[in-house]
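Enquirer: Given next are the chains, with one letter for each unit.
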Amino acid sequence: MPPLHDSPPGAALARILVIDDEPQIRKFIDISLRSQGYGTLLAATGQEGLTLLASKGADLVILDLGLPDRDGREVLQELRQWSNVPLIVLTVRSGETEKVALLDAGANDYVTKPFGVEELLARIRALLRMAGLRSEPAPVYDDGTLRVDLAAREVSLHGQAVGLTRKEFALLTLLVRQPGRLITQTQLLRDMWGPTHVEDAHYLRVLVGKLRQKLGEDASAPRYIITEPGVGLRFLPQEP
Amino acid sequence: MGARQTEQADALLGELKRQSAGRLTVFLGAAPGVGKTYAMLTRARELQRQGMDVLIGIVETHGRAETLAMAEGLPLLPRKRVEYQGRQLEEMDLDGLLARQPAIALVDELAHRNIPGSRHERRWQDVEELLDAGIDVYTTVNVQHLESVNDLVYQITGVRVSETVPDAVFERLRDIRLVDLPARELIERLNQGKVYLPEQAAHALQAFFSPSNLTALRELAMQTVAEYVDTDLREKRTARGLEGSAIQRHVLIAIDGREYSEYLVRAGARIAERRGAPWSVVTVDTGRSAEATRLAEDLPQARASTGVRAEQQRQMEIDKAFALARSLGGDTEVLHNTDVAQALLDAAAVRGARSIVIGRSRDRFMARLLNRTLTQQLLLRGARYELTIVSTPQARKQALGLTDIRGELLTRREPALILVASLGAVGTAALAERFLGLQDLSMVFLVAVMLVAARTRMAAAVITAVLCFLAYNFFFIDPRYTFLISAHRGVATVLCFLAAALIAGRLASRLRMQVVALRAANNHATAMQNLGRKLAQAADLGQVIAAGSAVLQSTLHAEAWMRINTESGPAGNARQLTDKDRVAADWTQQHGQASGRYTDTLSNSTWWFLPVCPDKDSLGVVGLRFPSGMGRLSFEQRRLAESMVDDIGQAALRTRLVSELEVARVTGETERLRSALLSSVSHDLRSPLSSMIGAADSLSRYGQDMGPEDRHSLLETIHVEGERLDRYIQNLLDMTRLGQQGLTLSRDWIGIDELVGSASRRLQRYEPGARIEHDIPPGLPPIHVHPALIEQALFNVLENAAKFSPPQEPIRVQVRRTEDDQLRISVSDRGPGIPEDERRRIFDMFYSVERGDRGRHGTGLGLTIVQGIVGAHMGSVEALPGLDDQGTTICLTLPWGPYPSQEHHAHAPSP
Chain A
94 MPPLHDSPPG
104 AALARILVID
114 DEPQIRKFID
124 ISLRSQGYGT
134 LLAATGQEGL
144 TLLASKGADL
154 VILDLGLPDR
164 DGREVLQELR
174 QWSNVPLIVL
184 TVRSGETEKV
194 ALLDAGANDY
204 VTKPFGVEEL
214 LARIRALLRM
224 AGLRSEPAPV
234 YDDGTLRVDL
244 AAREVSLHGQ
254 AVGLTRKEFA
264 LLTLLVRQPG
274 RLITQTQLLR
284 DMWGPTHVED
294 AHYLRVLVGK
304 LRQKLGEDAS
314 APRYIITEPG
324 VGLRFLPQEP
Chain B
39 MGARQTEQAD
49 ALLGELKRQS
59 AGRLTVFLGA
69 APGVGKTYAM
79 LTRARELQRQ
89 GMDVLIGIVE
99 THGRAETLAM
109 AEGLPLLPRK
119 RVEYQGRQLE
129 EMDLDGLLAR
139 QPAIALVDEL
149 AHRNIPGSRH
159 ERRWQDVEEL
169 LDAGIDVYTT
179 VNVQHLESVN
189 DLVYQITGVR
199 VSETVPDAVF
209 ERLRDIRLVD
219 LPARELIERL
229 NQGKVYLPEQ
239 AAHALQAFFS
249 PSNLTALREL
259 AMQTVAEYVD
269 TDLREKRTAR
279 GLEGSAIQRH
289 VLIAIDGREY
299 SEYLVRAGAR
309 IAERRGAPWS
319 VVTVDTGRSA
329 EATRLAEDLP
339 QARASTGVRA
349 EQQRQMEIDK
359 AFALARSLGG
369 DTEVLHNTDV
379 AQALLDAAAV
389 RGARSIVIGR
399 SRDRFMARLL
409 NRTLTQQLLL
419 RGARYELTIV
429 STPQARKQAL
439 GLTDIRGELL
449 TRREPALILV
459 ASLGAVGTAA
469 LAERFLGLQD
479 LSMVFLVAVM
489 LVAARTRMAA
499 AVITAVLCFL
509 AYNFFFIDPR
519 YTFLISAHRG
529 VATVLCFLAA
539 ALIAGRLASR
549 LRMQVVALRA
559 ANNHATAMQN
569 LGRKLAQAAD
579 LGQVIAAGSA
589 VLQSTLHAEA
599 WMRINTESGP
609 AGNARQLTDK
619 DRVAADWTQQ
629 HGQASGRYTD
639 TLSNSTWWFL
649 PVCPDKDSLG
659 VVGLRFPSGM
669 GRLSFEQRRL
679 AESMVDDIGQ
689 AALRTRLVSE
699 LEVARVTGET
709 ERLRSALLSS
719 VSHDLRSPLS
729 SMIGAADSLS
739 RYGQDMGPED
749 RHSLLETIHV
759 EGERLDRYIQ
769 NLLDMTRLGQ
779 QGLTLSRDWI
789 GIDELVGSAS
799 RRLQRYEPGA
809 RIEHDIPPGL
819 PPIHVHPALI
829 EQALFNVLEN
839 AAKFSPPQEP
849 IRVQVRRTED
859 DQLRISVSDR
869 GPGIPEDERR
879 RIFDMFYSVE
889 RGDRGRHGTG
899 LGLTIVQGIV
909 GAHMGSVEAL
919 PGLDDQGTTI
929 CLTLPWGPYP
939 SQEHHAHAPS
949 P
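Going down the list, the sequences are from chains A and B.
Take 94 as the starting number for the first sequence in my numbering and just add one per residue.
Take 39 as the starting number for the second sequence in my numbering and just add one per residue.
Check before you lean on any hint, since a few could be wrong.
What the hints assert, rightly or not - If you want the footprint, here are the derived chain B segments under chain A, 3+ residues with CB under 8 Å:
id, region
1, 782 to 788
2, 824 to 833
Unchecked claim - Once the Cα atoms are required to be at most 25 Å apart in a straight line, the calculated SDA-like pairs of lysine to any residue come out as:
id, chain 1, residue 1, chain 2, residue 2
3, B, 841, A, 314
4, A, 120, B, 731
5, A, 120, B, 774
6, A, 120, B, 761
7, A, 120, B, 749
8, A, 206, B, 773
9, A, 307, B, 819
10, A, 206, B, 728
11, A, 206, B, 746
12, A, 206, B, 935
13, A, 206, B, 805
14, A, 206, B, 761
15, A, 303, B, 935
16, A, 120, B, 584
17, A, 307, B, 734
18, A, 260, B, 728
19, A, 206, B, 816
20, A, 303, B, 818
21, A, 120, B, 630
22, A, 149, A, 138
Unchecked claim - A few chain B residues that face chain A, going by a derived Cβ cut-off under 8 Å, partial list only:
id, residue
23, 764
24, 794
25, 798
26, 812
Treat the hints as calculated values from the structure; they're not laboratory data.
Since this is a predicted model, take the numbers as computed values, not measurements.
Ideal placement from N, C-alpha and C gives every residue a C-beta, glycine not left out.
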């Protein structure tokens with residue numbers, strides 16, 4: 094897996110649909126995206142956005158939750174019935190439970206308003222890269238310090254092999270497979286221990302603690318595995 | 039001193055009540071036909087001439103011309119037509135009168151009995167309602183209708199007047215006017231046909247109007263008026279603080295439920311009244327009533343013995359006498375004790391009574407011989423008290439007819455028990471004689487008698503004693519198998535045995551009765567305790583209602599419903615209330631008096647409604663529906679229900695006070711906060727906005743003249759100030775979220791290092807220059823908190839530290855596990871520090887704003903939010919001096935919460 098770059102190959106072709114009723118926000122996102130070589134489609138209402146997506150198609154959707162014609166959640170649900178396009182939700186600050194609900198409803202990531210352009214672009218890049226990699230064989234993450242070979246089930250740090258248990262490796266796999274993406278705690282618990290254990294957050298806490306330890310991470314100043322309190326975990330790829 | 043002041047306060051209170059509510063003027067006469075109605079109308083005309091608003095509610099002229107002429111010209115309220123058993127009858131229109139609100143209403147015949155189905159059973163109750171509504175009432179009544187002289191009238195005339203008016207009505211008295219006519223003149227008028235008499239009663243009443251009767255009644259009327267004038271004067275003097283009656287001379291009236299109980303109550307009340315003394319009526323329950331209740335439940339209805347029925351009869355007598363006592367203004371209580379004399383003396387001591395009034399004891403020869411009658415015992419043991427013994431004509435007669443419950447038929451299991459005990463004794467005695475050679479076999483039989491007595495009542499014990507006596511005599515005393523006794527020694531043994539058996543039996547059964555009596559008293563106490571406990575846990579009115587009705591239902595075995603203020607419950611029972619019931623409930627709440635079943639107001643409701651806190655402008659109403667088969671309430675039940683309702687009322691009042699206090703406190707605090715918030719908003723919203731607007735404006739106007747660095751710097755300003763504004767708004771939002779009622783924590787397991795990490799990362803986004811040093815020991819277990827909230831709290835503390843710390847000086851975050859197993863997070867900065875006396879205040883809302891218009895200090899909300907969040911987690915925050923006495927350390931302490939079980943992790947299923 095290639096390390097992070099500002100302009101990944103193929104990004105110039107990516108077309109992004111922005112659904113937001115605020116003209117000012119639409120404007121600055123549009124300008125920023127075009128300056129980075131993305132194509133844009135702009136919609137002011139949910140209905141308009143859905144129509145645009147259906148007729149012209151897009152590689153990624155940025156959806157604002159507060160729309161004038163209908164609730165953003167509804168748009169998200171309807172969209173997910175017929176499209177798997179990567180989707181970032183824009184939301185004014187809401188509780189973490191709400192964020193989890195959005196992720197569970199099919200959003201791939203969220204950005205809270207107000208946000209920096211850099212943050213938004215980083216999320217867009219991560220999602221587009223993942224979408225491009227979906228069909229590729231088991232990738233290898235390597236930033237020069239940490240190397241994870243998912244197929245060979247090998248992890249090494251500074252060239253030294255790291256011995257992970259089956260569970261630890263499974264967790265690392267879940268995270269590394271979707272770099273930069275926030276994965277909810279519920280989803281991690283379900284994938285790791287099955288649907289009956291989605292409430293047992295302490296399993297995850299203990300496991301993450303051990304994994305971080307083995308990766309030489311300090312939880313209070315993490316580099317790779319970021320905790321979003323009350324929401325979930327995110328693997329942050331590092332530049333070599 | 040206390041008693042006098044209380045008395046004075048009571049008198050003042052009474053006076054006040056009388057001034058605000060309507061007042062009663064009574065035209066009292068000795069007999070019908072003396073001209074009461076005429077006198078009342080004459081007075082009314084005078085008042086009308088003076089411009090008073092007088093209205094005739096109801097006046098019976100009985101077709102007398104001169105009365106009719108007097109009524110002419112006075113405004114008259116049309117009567118209400120009521121249909122009763124197919125006949126059209128007329129009645130006073132109470133609601134019309136209340137709606138019309140005259141200053142003075144004339145209501146004739148206070149003792150009148152209303153047509154069944156009217157709101158009140160009696161007219162005096164209508165009058166009370168009018169008085170409550172602030173209407174002055176003029177009314178007429180004959181002296182024989184007064185409750186307290188009812189018995190005297192009966193003794194004088196031999197006619198029992200059933201329509202009596204309780205003396206308590208006269209508490210509202212403004213004026214009592216005697217309408218007097220010499221006996222001779224009255225008889226003359228009678229002979230002239232000027233006195234109206236109901237036809238069917240005319241004959242009986244003829245005897246009533248004998249000259250001697252009339253003279254006696256006239257004297258009684260005069261006496262009554264004199265007494266009221268006297269009482270009135272005394273109360274007025276007391277209200278003014280003049281010396282009233284020097285000592286509380288309480289009068290204790292003891293009744294036992296024989297037929298003369300009501301007579302005794304009236305007599306005692308008169309004695310107390312004359313002395314202006316408070317009084318109370320007591321009865322002593324020796325456990326017999328509980329026994330009778332138990333027996334009545336044991337036995338099928340048909341077999342309920344006459345003794346049990348007599349006991350129930352006696353209970354009803356007591357109930358009636360108590361009801362009478364209450365209507366005359368006395369207290370009532372049931373005492374539990376097997377020793378009647380002792381119970382009375384105790385009660386007298388408790389109440390500070392000087393006098394005890396009792397009825398004449400039934401003369402039992404043996405008792406009198408042994409100095410055991412109640413009168414004798416009271417005289418012997420209660421030397422301090424003045425003893426008044428009231429004799430009644432019925433007392434002796436009654437004594438003969440009395441059946442003692444103890445001599446009553448046995449319950450089903452008792453004959454079996456007696457037989458088994460007796461036969462067992464015979465068998466045991468035979469065996470003992472043959473194999474052990476025991477000489478004195480009476481002991482064996484004595485044991486049998488004791489066994490029976492300890493388990494049953496006196497009757498069974500006596501029968502067993504006699505049976506055993508006979509068996510002993512028959513089987514074991516020579517000559518055997520006859521009832522003859524040959525030796526003197528034998529006679530002595532047998533007689534001694536009989537005496538011992540009877541005494542032991544009596545002792546044992548008395549002990550048992552005592553236990554039963556105690557149990558009854560205990561039941562009451564337990565029920566009240568149970569209620570008290572439940573109510574103590576109730577935090578608001580809804581819970582008081584729920585807990586109260588649940589306890590009422592389970593204790594009284596009745597359906598309960600209550601409404602206090604505007605809340606009512608439980609909903610299931612509320613649905614069963616018909617409109618009729620609701621009218622009764624409303625009436626009770628409005629008037630603070632019981633209504634519905636078991637009362638004489640709106641008694642066609644199946645519910646019994648009791649007012650809650652009647653003295654505190656009636657807080658609410660409690661309804662109880664007993665099974666329809668329960669024709670009457672025992673005094674115990676009534677008293678228990680009333681005391682429970684009292685307690686519920688107190689609890690409701692308490693919750694109301696608490697919430698009122700809370701509202702007052704919150705209102706005050708809200709006011710203070712609002713002004714602080716306004717100044718904060720103007721300061722903290724405007725300064726970043728003005729920077730942003732200024733920078734953007736400069737850029738758009740002069741951007742092309744600036745160097746790229748200046749342009750970038752201005753852009754940076756817009757960005758940084760925008761972020762600052764955003765954080766401020768976030769703080770306000772957090773504050774409202776925390777301030778909202780019922781903020782629920784969704785706790786989850788999270789590592790404290792993860793939280794510190796997340797907060798630090800966020801801070802570094804806003805303050806890229808800030809250096810944070812962590813000191814977190816490895817291996818800490820995860821904590822059980824609301825992760826996002828605690829992270830926000832940590833962020834706020836860090837942000838605060840960063841604001842004051844000089845650049846390049848690190849902020850230290852230290853996490854420790856305290857000795858009492860709590861989590862302590864200390865965040866230290868190297869800033870200027872906080873003076874000791876202000877350290878507490880930094881957690882106050884808008885604290886930094888209060889210090890003045892200093893830009894760098896932010897909103898003064900951050901630390902308040904920290905305190906709110908940590909407080910919600912049952913933790914604490916404090917500000918301490920920083921490391922080496924430099925700067926400040928903010929210290930968060932959080933309880934750890936339960937540790938997650940680690941073994942789950944090890945055995946958790948694989949994906």
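Enquirer: Please go over all the hints and tell whether each is borne out by the structure.
Expert: Cross-check of the supplied hints:
1. For the region 782 to 788 of chain B, the stated coverage by chain A holds: 4 residues have a C-beta nearer than 8 Å to a C-beta of that chain, and at least 3 were required.
2. For a cut-off of 8 Å, the count of residues in the region 824 to 833 of chain B with a CB near a CB of chain A stands at 5, and the three-residue condition holds.
3. Simply put, residue 841 of chain B and residue 314 of chain A have alpha-carbon atoms about 21 Å apart, close enough for the 25 Å limit, and the pair holds.
4. About 19 Å separates the Cα atoms of residue 120 of chain A and residue 731 of chain B, which keeps this hinted pair within 25 Å; it holds.
5. This hinted pair does not check out: residue 120 of chain A and residue 774 of chain B have alpha carbons roughly 32 Å apart, beyond 25 Å.
6. The suggested pairing of residue 120 of chain A with residue 761 of chain B holds, with an alpha-carbon distance near 20 Å, which does not exceed 25 Å.
7. Restraint check for residue 120 of chain A and residue 749 of chain B: satisfied, since their Cα atoms lie roughly 21 Å apart, inside the 25 Å limit.
8. Under the criterion of a C-alpha separation no larger than 25 Å, the hint pairing residue 206 of chain A with residue 773 of chain B is consistent with the structure, at around 19 Å.
9. Between residue 307 of chain A and residue 819 of chain B the alpha-carbon distance is near 17 Å, which keeps this suggested pair within the 25 Å criterion.
10. Between the alpha carbons of residue 206 of chain A and residue 728 of chain B the distance comes to roughly 21 Å, so the proposed pair stays at or under 25 Å and holds.
11. Simply put, residue 206 of chain A and residue 746 of chain B have alpha-carbon atoms about 28 Å apart, too far for the 25 Å limit, and the pair is violated.
12. Distance restraint check for residue 206 of chain A and residue 935 of chain B: the Cα-Cα separation of roughly 34 Å exceeds the 25 Å cut-off, and the hinted pair is therefore not satisfied.
13. Among the hinted pairs, residue 206 of chain A with residue 805 of chain B is consistent with the structure: their alpha-carbon atoms are about 19 Å apart, no more than 25 Å.
14. Restraint check: the Cα-Cα separation between residue 206 of chain A and residue 761 of chain B comes to about 11 Å, which is no more than 25 Å; the hinted pair holds.
15. With a CA separation close to 22 Å, the supplied pair residue 303 of chain A and residue 935 of chain B stays within the 25 Å bound.
16. At roughly 59 Å between alpha-carbon atoms, residue 120 of chain A and residue 584 of chain B are farther apart than 25 Å, so this suggested pair is violated.
17. Note on residue 307 of chain A and residue 734 of chain B: the hinted pairing is violated, with a Cα-Cα distance of about 49 Å set against a maximum of 25 Å.
18. As the CA atoms of residue 260 of chain A and residue 728 of chain B are separated by approximately 54 Å, the hinted pair breaks the 25 Å bound.
19. As the CA atoms of residue 206 of chain A and residue 816 of chain B are separated by approximately 36 Å, the hinted pair breaks the 25 Å bound.
20. For the hint linking residue 303 of chain A to residue 818 of chain B, the alpha-carbon distance of about 12 Å falls within 25 Å, and the restraint holds.
21. In summary, the hint linking residue 120 of chain A to residue 630 of chain B is not supported, as the alpha carbons are separated by about 71 Å, beyond the 25 Å threshold.
22. Proposed proximity of residue 149 of chain A and residue 138 of chain A is supported: the alpha carbons are some 16 Å apart, at most 25 Å.
23. Because the beta carbon of residue 764 of chain B sits about 5 Å from the nearest beta carbon in chain A, less than 8 Å, this interface hint is met.
24. A hinted interface residue such as residue 794 of chain B counts as satisfied when its beta carbon comes closer than 8 Å to some beta carbon of chain A; here the least separation is about 4 Å, so the hint holds.
25. Against a cut-off of 8 Å between C-beta atoms, the interface hint on residue 798 of chain B holds, since the closest Cβ of chain A lies about 7 Å away.
26. For residue 812 of chain B, the interface hint holds, the least distance from its beta-carbon to any beta-carbon of chain A being 4 Å, beneath 8 Å.
Hints 5, 11, 12, 16, 17, 18, 19 and 21 from the earlier list are contradicted by this structure; the remaining hints agree with it.
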